[in-house]
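Model the full assembly from the supplied sequences, consistent with the hints where possible.
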Amino acid sequence: MAEPELTGAPSAAIDASRVPSVVASHISITYRVFSPGRSEELDDPSDETGPLRRMLRRTSPGVGVREVEAVKDVSFVAYKGESIGVLGRNGSGKSTLLRTIAGVVPPTSGQLWLNGRAALLGVNAVLMARLSGRRNIWIGALAMGLTPDEVRERFDDIVEFADIGEFIDMPMSSYSSGMAARLRFAISTAVVPDILVVDEALSTGDAHFRDRANERITQIREQAGTVFIVSHNAATIQSLCDRALWIDGGRLLADGKPGPVAGLYQRKYGKNRHIWRERYAEIHRVIDQQGLEGARDLLRKWEPEGGW
Amino acid sequence: MTDIGPDPQYSPPYLPAAEAAALAARYDLTQVGVRPGFGAYVRELWRYRHLTWTLAKGEFVAENQDNHLGWLWSVINPILLGVAYYLIFGVLIGTRGGIDNFVTFLTIGLFVFIPISSALASGTKVLISRIKMIRSLTFPRVILPITVTLSQFVSAGPAFAVLVVIALLAGEPVTAEWLLFPVALLIVFFMCLGFALIGSRLVHAFRDLGNLMPLLTRLLRYVSGVFFSLEASIARFDGAPDWVGHILEFQPVAVALTLVREPMMAEFPLRWETWAIASAWAFGLTLVGFVFFWRGEGSYGRA
Numbered sequence: 002m003a004e005p006e007l008t009g010a011p012s013a014a015i016d017a018s019r020v021p022s023v024v025a026s027h028i029s030i031t032y033r034v035f036s037p038g039r040s041e042e043l044d045d046p047s048d049e050t051g052p053l054r055r056m057l058r059r060t061s062p063g064v065g066v067r068e069v070e071a072v073k074d075v076s077f078v079a080y081k082g083e084s085i086g087v088l089g090r091n092g093s094g095k096s097t098l099l100r101t102i103a104g105v106v107p108p109t110s111g112q113l114w115l116n117g118r119a120a121l122l123g124v125n126a127v128l129m130a131r132l133s134g135r136r137n138i139w140i141g142a143l144a145m146g147l148t149p150d151e152v153r154e155r156f157d158d159i160v161e162f163a164d165i166g167e168f169i170d171m172p173m174s175s176y177s178s179g180m181a182a183r184l185r186f187a188i189s190t191a192v193v194p195d196i197l198v199v200d201e202a203l204s205t206g207d208a209h210f211r212d213r214a215n216e217r218i219t220q221i222r223e224q225a226g227t228v229f230i231v232s233h234n235a236a237t238i239q240s241l242c243d244r245a246l247w248i249d250g251g252r253l254l255a256d257g258k259p260g261p262v263a264g265l266y267q268r269k270y271g272k273n274r275h276i277w278r279e280r281y282a283e284i285h286r287v288i289d290q291q292g293l294e295g296a297r298d299l300l301r302k303w304e305p306e307g308g309w
Numbered sequence: 005m006t007d008i009g010p011d012p013q014y015s016p017p018y019l020p021a022a023e024a025a026a027l028a029a030r031y032d033l034t035q036v037g038v039r040p041g042f043g044a045y046v047r048e049l050w051r052y053r054h055l056t057w058t059l060a061k062g063e064f065v066a067e068n069q070d071n072h073l074g075w076l077w078s079v080i081n082p083i084l085l086g087v088a089y090y091l092i093f094g095v096l097i098g099t100r101g102g103i104d105n106f107v108t109f110l111t112i113g114l115f116v117f118i119p120i121s122s123a124l125a126s127g128t129k130v131l132i133s134r135i136k137m138i139r140s141l142t143f144p145r146v147i148l149p150i151t152v153t154l155s156q157f158v159s160a161g162p163a164f165a166v167l168v169v170i171a172l173l174a175g176e177p178v179t180a181e182w183l184l185f186p187v188a189l190l191i192v193f194f195m196c197l198g199f200a201l202i203g204s205r206l207v208h209a210f211r212d213l214g215n216l217m218p219l220l221t222r223l224l225r226y227v228s229g230v231f232f233s234l235e236a237s238i239a240r241f242d243g244a245p246d247w248v249g250h251i252l253e254f255q256p257v258a259v260a261l262t263l264v265r266e267p268m269m270a271e272f273p274l275r276w277e278t279w280a281i282a283s284a285w286a287f288g289l290t291l292v293g294f295v296f297f298w299r300g301e302g303s304y305g306r307a
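Taken in sequence, the protein lines are chains A and B.
What the first sequence shows, in this note's numbering, is residues 2 to 309, in sequence order.
What the second sequence shows, in this note's numbering, is residues 5 to 307, in sequence order.
If you're looking for bench data, these hints aren't it; they were derived computationally from the structure.
Don't take every hint at face value.
Unchecked claim - Not the full set, but computed from the structure, chain A residues with beta-carbon under 7 Å of chain B:
| id | residue |
| --- | --- |
| 1 | Val-24 |
| 2 | Gly-104 |
| 3 | Pro-107 |
| 4 | Pro-108 |
| 5 | Trp-114 |
| 6 | Leu-132 |
Just so you know, these numbers come straight off a predicted model, no measurement behind them.
Glycine residues also receive a C-beta, built at the ideal position from the N, C-alpha and C atoms.
In structure tokens, the structure reads:
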């Protein structure tokens with residue numbers, strides 16, 4: 002296949018000196034949600050249409066499907082050795098995006114390329130709850146592409162890391178949430194994936210396990226893999242990552258160093274959000290009255306390191 | 005209210021699609037969420053054969069562990085069901101219709117129909133019911149319908165053993181033809197696999213079809229000669245054109261039951277047309293189903 006010809010200067014989004022591990026190009030993901038969904042205007046009490054009209058308009062409840070656009074036109078390039086934090090509120094589309102990166106939910110439009118094998122690690126990574134931990138280790142490890150011999154070889158390591166003792170032969174539905182999380186973590190890191198996606202798995206489990214898990218994530222990073230970590234906790238991201246993405250309402254709003262990106266996130270949703278709201282209102286007023294230069298002075302005053 | 009949105013300084017830089025593609029090509033990255041080539045898909049399936057088998061066993065275990073007797077139920081259940089149907093159709097209603105060994109006839113019909121109907125019911129829904137698994141592990145999705153069908157036949161294993169015992173007890177003579185019994189089951193398996201492959205993609209695309217499946221299985225149960233002789237019933241139609249009879253007799257499920265009865269029962273001699281048509285169904289359904297399912301790969305998991 003001929004390489005598409007590049008026109009002009011390369012995009013600022015590409016760092017040509019590093020090896021990419023994930024290239025996401027204009028990814029959108031739309032879910033079908035089957036629900037008796039109707040728009041809320043139908044239940045509006047101030048609706049003044051007659052009862053007959055209302056009845057006709059009320060298409061049968063309990064019928065229909067809604068499309069939810071979870072991720073909208075997200076593009077980025079991730080490089081080997083990077084550890085990327087994904088910030089965003091619940092329902093912002095970050096988990097959906099990461100499932101796509103892990104290759105388990107195909108994007109509705111856009112293209113995604115991976116360098117190597119991706120593994121998803123998360124609270125939602127349900128194996129078969131009715132089966133024992135032992136069988137689930139087999140299923141998980143085989144699904145990651147190990148041969149039966151390799152599974153046998155690593156089986157004890159997985160069990161030891163998961164530290165679930167005699168529960169190994171009990172159905173996973175009898176596990177505590179911490180135990181299940183440990184087992185899932187142990188299975189998905191049994192093979193060092195090229196791209197590891199951690200979906201808030203570290204929030205469960207006790208302090209010791211969290212330490213060991215962090216150690217393992219560091220190991221994977223050192224083996225030139227790429228790690229994505231999802232969290233709505235900005236502090237976690239700042240301590241574990243060297244790059245951050247902020248997803249809000251399905252859009253990628255910011256991409257950069259964890260500090261400033263987390264700062265942006267906190268401006269909008271942190272406990273000082275009302276202050277920032279006032280400041281932004283102030284800036285818009287200043288821009289209207291004095292032009293951009295005045296606004297820049299103001300921003301420098303609030304955020305000296307901002308580089309305004 | 006002012007929107008506290010993105011900051012121009014940290015907004016993601018624009019990445020043109022062509023440059024992204026060029027970058028991916030330069031480092032030879034693999035695109036995900038797209039359908040692999042047919043050959044690659046088959047190789048991939050072969051690479052995951054151990055997973056398929058482990059999942060099928062797991063499915064069987066999971067289905068049979070929630071009570072005290074465990075997997076013994078996969079033997080007890082078909083026996084009880086056989087007794088019930090014998091009382092209803094053999095004694096109460098009397099659909100014997102000139103069959104000498106009605107017990108064997110009924111047992112074969114029932115025990116073979118059970119995995120067929122379960123494969124239809126759970127096999128076609130598999131992309132919906134295993135959505136969580138799909139969303140946490142990457143593997144060729146065709147494994148799922150294969151697994152479900154396989155597990156239905158593994159569960160039916162004890163029932164097939166019971167079937168042989170019943171045939172012996174009912175006085176069927178043991179002949180060399182009995183060796184064809186497993187072959188017949190294998191052909192039936194591939195028919196079911198074809199159904200599951202085709203049905204699962206259809207149900208994934210239009211999931212309302214899943215609600216029609218119970219109707220379809222019920223219909224098949226009554227028109228396929230599970231507990232009455234299809235031949236005798238067709239003969240009763242006056243003036244019906246021949247092809248109606250042929251369709252009834254050679255539709256996949258009916259021919260599957262005949263296929264298993266022929267080697268086991270002395271009163272049904274082996275006929276080449278049964279075996280030819282059944283094999284054609286099995287081969288055709290599996291091949292068409294596999295290609296059809298593969299064509300949808302890369303879209304599973306989103307619905």
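Going through the hints against the structure:
no.	hint	in the structure
1	Val-24	5 Å, holds
2	Gly-104	4 Å, holds
3	Pro-107	3 Å, holds
4	Pro-108	5 Å, holds
5	Trp-114	4 Å, holds
6	Leu-132	5 Å, holds
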